[in-house]
Amino acid sequence: MSRIFVIEDEEAINKLICTSLTVAGYETVPAYDGNEALAKLRDFERFDLALVDIMLPEVDGFALLPHLRERGIPVIYLTAKNDIESKVQGLKSGAEDYIVKPFEILELIVRMDKVLERTGGASKLLRAGDIELRTDERAVYRNGEALPLKPLEFELLTLFIKNKNIALSRERIMAAVWGGDYFGESRTVDVHVAQLRKKTGLTIASLPKIGYRLED
Amino acid sequence: MKIRVKLALLAVSLCALAIAACCTVLIISANGNSVNTAIDGALSEQHLLVQSFQSALRNTYEDGLSDTTQQSLGKYLFRQYSSGSLSRSQYAMRKDGEYLHNGSELDPADILTDAKTRSGNGTEVKYTIVMHDNARHIVVGSANTINGGVYDIYLVKNIEQVYSSNASLTAKLAAVSLGLVLLTAAVLAYSVFRVLRPLKALQGSAAAIAHGDYQSRIPVKGKDEIAALSVSFNAMAEAVEKHVAEINDVAEARKLLLAALTHELKTPMTAIIGYSEALMKTRLTQEQREEAAAYINAECSRIERLSQKLMQLIALDGGSGITIAPTPVTELFESVEKTLLPIAKRDGVALDMACGSETLSMDADLMASVLINLFDNARKARAKHVHIVCSGGLISVTDDGCGIPADSVKRITEPFYMVDKSRSRKAGGVGLGLALVKRIVAMHGGKLSILSQIELGTCVEIELPL
Numbered sequence: 001m002s003r004i005f006v007i008e009d010e011e012a013i014n015k016l017i018c019t020s021l022t023v024a025g026y027e028t029v030p031a032y033d034g035n036e037a038l039a040k041l042r043d044f045e046r047f048d049l050a051l052v053d054i055m056l057p058e059v060d061g062f063a064l065l066p067h068l069r070e071r072g073i074p075v076i077y078l079t080a081k082n083d084i085e086s087k088v089q090g091l092k093s094g095a096e097d098y099i100v101k102p103f104e105i106l107e108l109i110v111r112m113d114k115v116l117e118r119t120g121g122a123s124k125l126l127r128a129g130d131i132e133l134r135t136d137e138r139a140v141y142r143n144g145e146a147l148p149l150k151p152l153e154f155e156l157l158t159l160f161i162k163n164k165n166i167a168l169s170r171e172r173i174m175a176a177v178w179g180g181d182y183f184g185e186s187r188t189v190d191v192h193v194a195q196l197r198k199k200t201g202l203t204i205a206s207l208p209k210i211g212y213r214l215e216d
Numbered sequence: 001m002k003i004r005v006k007l008a009l010l011a012v013s014l015c016a017l018a019i020a021a022c023c024t025v026l027i028i029s030a031n032g033n034s035v036n037t038a039i040d041g042a043l044s045e046q047h048l049l050v051q052s053f054q055s056a057l058r059n060t061y062e063d064g065l066s067d068t069t070q071q072s073l074g075k076y077l078f079r080q081y082s083s084g085s086l087s088r089s090q091y092a093m094r095k096d097g098e099y100l101h102n103g104s105e106l107d108p109a110d111i112l113t114d115a116k117t118r119s120g121n122g123t124e125v126k127y128t129i130v131m132h133d134n135a136r137h138i139v140v141g142s143a144n145t146i147n148g149g150v151y152d153i154y155l156v157k158n159i160e161q162v163y164s165s166n167a168s169l170t171a172k173l174a175a176v177s178l179g180l181v182l183l184t185a186a187v188l189a190y191s192v193f194r195v196l197r198p199l200k201a202l203q204g205s206a207a208a209i210a211h212g213d214y215q216s217r218i219p220v221k222g223k224d225e226i227a228a229l230s231v232s233f234n235a236m237a238e239a240v241e242k243h244v245a246e247i248n249d250v251a252e253a254r255k256l257l258l259a260a261l262t263h264e265l266k267t268p269m270t271a272i273i274g275y276s277e278a279l280m281k282t283r284l285t286q287e288q289r290e291e292a293a294a295y296i297n298a299e300c301s302r303i304e305r306l307s308q309k310l311m312q313l314i315a316l317d318g319g320s321g322i323t324i325a326p327t328p329v330t331e332l333f334e335s336v337e338k339t340l341l342p343i344a345k346r347d348g349v350a351l352d353m354a355c356g357s358e359t360l361s362m363d364a365d366l367m368a369s370v371l372i373n374l375f376d377n378a379r380k381a382r383a384k385h386v387h388i389v390c391s392g393g394l395i396s397v398t399d400d401g402c403g404i405p406a407d408s409v410k411r412i413t414e415p416f417y418m419v420d421k422s423r424s425r426k427a428g429g430v431g432l433g434l435a436l437v438k439r440i441v442a443m444h445g446g447k448l449s450i451l452s453q454i455e456l457g458t459c460v461e462i463e464l465p466l
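First to last, the sequence lines map onto chains A and B. Mapping to the numbering used here: the first sequence position 58 is 58, numbers consecutive. Mapping to the numbering used here: the second sequence position 89 is 89, numbers consecutive.
Chain A on its own, in the form it takes in the complex (with noise of 0.2 Å):
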């Protein structure tokens, strides 16, 4: 389970961050200001990627850098600021990757599970119920025993374990597993869907308007 730092002085926000990515799977460690980051950064052996908001009272994000990256971990910048400086220097600084204030959920795990995957931190071994999904071999097991599955299903199953217990529209999945430029009808994801349910056994609820959730 990659462990995720979450460096954001506005409690809301932090809370809304750690409860949303500990629904889909993550290990969420919550700091409020600089200096308690500091503190936490002692504490804990790894970090697979820290979210850090550049304006924190005390020390500031700029700041944090240099001790988050002499442990190697990755950085993705939360801010209010949309201005192309802060980007270029938040960029310059070595961070990964920049999300603007407000961001959707969805976007924060797709741009975190890309870092993830080019810093190593991903975890090869993903769980959803008695299934476990194994990245690097590309397999899939059922209470240790293989489960044949076709390519797309095997995408479709990644797509939804890595945001587990968060709807996805449609839309999204079809971005995500099809390709962002595959004009199918959206009946093929339920076709996928239904497919999936039937091999895995797991429960995907379909929501009204809105997708499937993986429910976990």
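Note that these hints are calculated values from the structure, not bench results. Please note that a few of the clues may not be correct.
[As the list claims (entries may be wrong)] Short, incomplete list of chain A residues facing chain B, as computed with Cβ under 10 Å: (1) E10; (2) T19; (3) H192; (4) A194.
[Unchecked claim] FRET-style restraints, in silico, Cβ to Cβ: (5) V88(A) to D376(B): 34 to 42 Å; (6) H67(A) to R346(B): 40 to 48 Å; (7) A354(B) to R42(A): 35 to 43 Å; (8) V88(A) to R346(B): 24 to 32 Å; (9) V110(A) to Q286(B): 24 to 32 Å; (10) E58(A) to A239(B): 44 to 52 Å; (11) A239(B) to V88(A): 39 to 47 Å; (12) R289(B) to V88(A): 19 to 27 Å.
[What the hints assert, rightly or not] Simulated pairs of lysine-lysine, DSSO-like, Cα-Cα distance not exceeding 27 Å: (13) K15(A) to K447(B); (14) K15(A) to K40(A); (15) K447(B) to K40(A).
Quick caveat: nothing in here was measured; it's all calculated off a predicted structure. Yeah, the Cβ is synthetic: ideal placement off N, Cα and C, and Gly gets one too.
Following the hints, put chain B in place on chain A, whose structure we already have.
Structure of chain B alone, referenced to chain A:
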């Protein structure tokens, strides 16, 4: 046409006209004089001739001389006389209508038929001026009775020289006048140019201001009307520059306020969008759902508070709704105390209010909002004791809260400036309270000063004009 060309032309033409008039009068009178002198000269020369001839004839006269002899004698004497004349005049003489001698090429008798007559010395003298051989000649003649015979004695004299010297005088005068006019023109053109040169600077400066260079000024020289105009112009430029700067400052402040507001809205918006999205899409426990709803509610009330304060600030900026009237401070303090006491009791803050019987010029509602805002700040600074005191024109709010760091005191009245954003927000602050206070005090023409020491507390003083 440019004003300096106009002025110079006008002055030069007036000058030329005056000089021309003077010269004309001068020439006419000088010409008249010299012609009169020539006439008088000719007349007296003829008179002299008549006298001389008369006396010579009388001296040689003897009775019993025949007419022919007399005639020959007269002719002889006259010729003798006229040939001996030193003047360049020509003489002629007639007896009984016949010329005995005519030294001139003219017929004087014929010429003088209708001439002017001048009488003097008992005789009538006729004279006229005629053109002959391209030259003016004066012809003078008189009939004289000598020894019983009538002799017409004429004098013809070329007086062209008088006229030509008049003409040369006229030419000289004309040349001098022209020279004078040219000199006047040059001097005038130069002095008008010099006098009006500042106008050019004025024009340049006005154009510069029109193009947005509000710092443009013109040098002031001398004490004439143009200097006065320059002074007024500079004063105007100063006023324009000041007003433009003020307008720009206001626009800049609004822009900053708007930028700050947009930034300020991002945090609650992120929370509201995020939690509502989570409620909609994420599988949450009941407890998590309640928490999400609570956060959405809290953030929305924060936006509501923000918009309320902002509306107050905007209303104040519009300048409307402020009514400054003499109000007893006791009245103000009573109403504020009524509002604050329940809050103070709830939060365990000891509130002390003391004032004398002074009356201050103020908008009581706005001033009450100032005191409530300041008390609120003290409460958020975790103060245990708050003193609100008024003496003279000075109202002070003193607390024993956490204080403000020295480098933040200067910026504390900026909209949305918060020393510790997250703590201030937790306490319900939106960062506009002191901006409002400052604005209200400024509208009263008062002075706001903030003294603070970290860990010890803060004292805010409001000095109102008495």
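Against the structure, the hints:
The closest approach between the C-beta of E10(A) and any C-beta of chain B is roughly 5 Å, which is under the 10 Å cut-off, so the hint is satisfied. Because the closest C-beta pair between T19(A) and chain B is about 6 Å apart, less than 10 Å, the hint holds. A distance limit of 10 Å between C-beta atoms decides the matter here; for H192(A) the minimum to chain B is near 20 Å, and the interface restraint is violated. Taken as an interface hint, A194(A) does not check out: its beta carbon lies about 20 Å from the nearest beta carbon of chain B, beyond 10 Å.
For V88(A) and D376(B), the Cβ-Cβ distance of about 40 Å falls inside the hinted range of 34 to 42 Å, so the restraint holds. As the Cβ distance of H67(A) to R346(B) is approximately 42 Å, the hint placing it in 40 to 48 Å holds. Between A354(B) and R42(A) the beta carbon distance is about 52 Å. The supplied range of 35 to 43 Å is therefore violated. At roughly 49 Å, the beta-carbon separation of V88(A) and R346(B) lies outside the given 24 to 32 Å, and the hint is violated.
Distance hint check for V110(A) and Q286(B): the Cβ-Cβ separation is about 29 Å, which falls inside the suggested range of 24 to 32 Å. For the pair E58(A) and A239(B), the supplied restraint of 44 to 52 Å holds, since their beta-carbon distance comes to about 48 Å. Look at A239(B) against V88(A): about 43 Å separates their beta carbons, and that is inside 39 to 47 Å. Separation of R289(B) from V88(A) is about 40 Å and departs from the stated range, judged on CB atoms against 19 to 27 Å.
Simply put, K15(A) and K447(B) have alpha-carbon atoms about 43 Å apart, too far for the 27 Å limit, and the pair is violated. In summary, the hint linking K15(A) to K40(A) is supported, as the alpha carbons are separated by about 17 Å, within the 27 Å threshold. Of the supplied pair hints, the one linking K447(B) and K40(A) is violated, its CA atoms being roughly 46 Å apart against a limit of 27 Å.
This entry does not satisfy hints 3, 4, 7, 8, 12, 13, 15, going by the numbered hints stated previously.
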